[in-house]
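For reference, the chains in residue letters:
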Amino acid sequence: MKKEVAEWQLLLYIAGQTPKSIKALENIKKYAEVHLAGKYSIEIIDLLKSPQLAEGDQILAVPTLVRKFPEPIRKIIGDLSNEERVLVGLNIKPVISY
Amino acid sequence: MQKESKSNRFIFPKTPTGVDGLDEVTDGGFPKGRPTLVCGGAGCGKTLLSMQFLIKGITEYNEPGVFMSFEEPSNDLTLNVKSLGFDLEKLKAEKKLVVDYVRVERSEIEEAGEYDLDGLFIRLGHAIDSIKATRVVLDTIESLFAGLDNQAILRAELRRLFHWLKTKGVTAIITGERGEAMLTRQGLEEYVSDCVIVLDHRVIEQVSTRRLRIVKYRGSTHGTNEYPFLIDADGISVLPITSLRLDNEVSSEIVSTGVPGLNTMFEGGGFFRGSNILVSGTAGTAKTTIACYFAAEQCEKKEKTLYFAFEESPQQLVRNMKSIGVNMEKYIKNGTLQIHSSRPSLNGLELHLLTLRKLIREFKPTTIIIDPISNLTLVGSEHEVRSMLVRLIDMLKINNITALFTSLNKQTDNLRPDLAEESVSSLVDTWITVRDMEGIGERNRGLFIVKSRGMGHSNQVREFIITSNGIGLLDVELGPQGVLTGTARKSHQIKKTISDIKLQNEIDRKDREIARKRRVLEANIEALKNEFESAAEELSILKATEELQEKLASKKK
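The listed protein sequences correspond, in order, to chains A and B. For the record, in the first sequence the residue sitting at position 47 is 47 according to UniProt numbering, with numbers rising by one throughout. For the record, in the second sequence the residue sitting at position 253 is 253 according to UniProt numbering, with numbers rising by one throughout.
Source of the hints: derived by calculation from the structure; they are not laboratory data. Note that beta-carbon positions come from the ideal geometry of N, C-alpha and C, so glycine has one too. It is possible that some hints are incorrect.
As the list claims (entries may be wrong) - Derived contacts from chain B toward chain A, CB cut-off under 8 Å, selection only:
| hint | residue |
| --- | --- |
| 1 | D116 |
| 2 | L117 |
| 3 | V520 |
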């Protein structure tokens, strides 16, 4: 692994530890482990603590997952329970492991 | 007593709108601490109205505001309202205003599962808290519906948002596009139900008019009509049709008419200050001249006068008046007179009214002349003209401005008033009619007073003439068939002079005759006297002779 920035930079915006945000975090971790193993980073931003960050990424809904890199920026809102839509949204081709 | 009852009455808390006239219509402003829905079609001025609400809130009431735009980026907004004299950048720098552009791009957003709009709440809350805003605008929140799929969540969240705004205690404006069946496309009126205002933009006979109507206003009285409003260089102004009361102050001071001879036709010697005077007449009956005389008279007394000329340019008016000996130029130079010329078709009636109102505010005149008011009827329908004139007259009365209108009417035989006259005549206090009196190959001008509220006035038709020395009312010439004018007056006058001379001659002749008679009589008297004297003398001689004879006779004895 190169020690540069990760190939996939994901940001998860949440507003406090709500069931939805916990679920969203669990979900994205799960998918990333499966499809982007080793080449991703997830940063969690709690808007309750830093509300000024909401404007920059045009956040309306929470939870919102933002794909910062690779460009273009993509946003997925919701608790990410629908795996297929998350993958489509992030433009990840599912890894067929067997 | 009065005070007590006033303080006991509950006053619904309101936030001034900062929009000219809207406070009057809403009886004080938008409901304080509650959301107000402003809806209307494209280009009807929703964004501007809300922007003005915020900016005036900052500049006039020192209430910071947040503008959350869902449609235009904040740079565009800044630019758009700059032309109206609002400097958003300055207000932003002073930490009085936050403009937050919320971009909802469908192509960028994928929905995967449950979510809520806490992000929006946090952003708005952060913006409100950062400048302690009390005014909030959401323009146009319906854009969310285009960007997000899950309607159920959206609706629930919007309901929560409006509730949250209320608990925050901010006075909010939410704008919405006009829908087909409902007031707004997404039925926002279901959520925002405290105050709903509909804006409308209509074109009637090629003249566009913007209108505003308050559909509902919980807990408050409000005007229910459609009110025309205007967008001009100073933003939005709403024109209430009429003030609801008729309780303006009246003055019993008299102002001179300026026309020699006309003053005496009024018992008081002129018009009341603050009254409205209508001078109506057919073409070429010297309405403008009378108006100019009045204007000059007021200027002479250092009364600020505003002259609206809808037919002539100021230069033309000055030149024409010079020809009859009225020098208006010096009044323009010393600042007592302002002539404002424009074509009536230049813009809609409302704009004319607004220009007038602005000039009244800036110039503060005590006298206004509108020449002619009938030209305004070209612009609008009968109903519109009437309502505009009512508003105009109301406005003038409130400001205690003496106003003189001229009105051109069609040449009719029976002298029935036409539209302009008809709509104004019931409103004006004094009505003077000038008319042509045609006959025996000539045209004369006659003037009479149709009405003069609160003042006795002459019932005569007075002939007046215009010469290079100006206008002058002639004394009434009564002939056997009534009042005489023109040639008839002249011939009557000549006849009168001739008969006067004849009479004089006759008298002279009689005088001479009497003198002659006296002389004859005196001669006779003299003759008789002489006769008497000679008789007396004869008698005395006779007596003397008698005496002598008697003496002699006695001597003989």
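Quick rundown of the hints versus the structure:
no. : hint : in the structure
1   : D116 : 6 Å, holds
2   : L117 : 5 Å, holds
3   : V520 : 130 Å, violated
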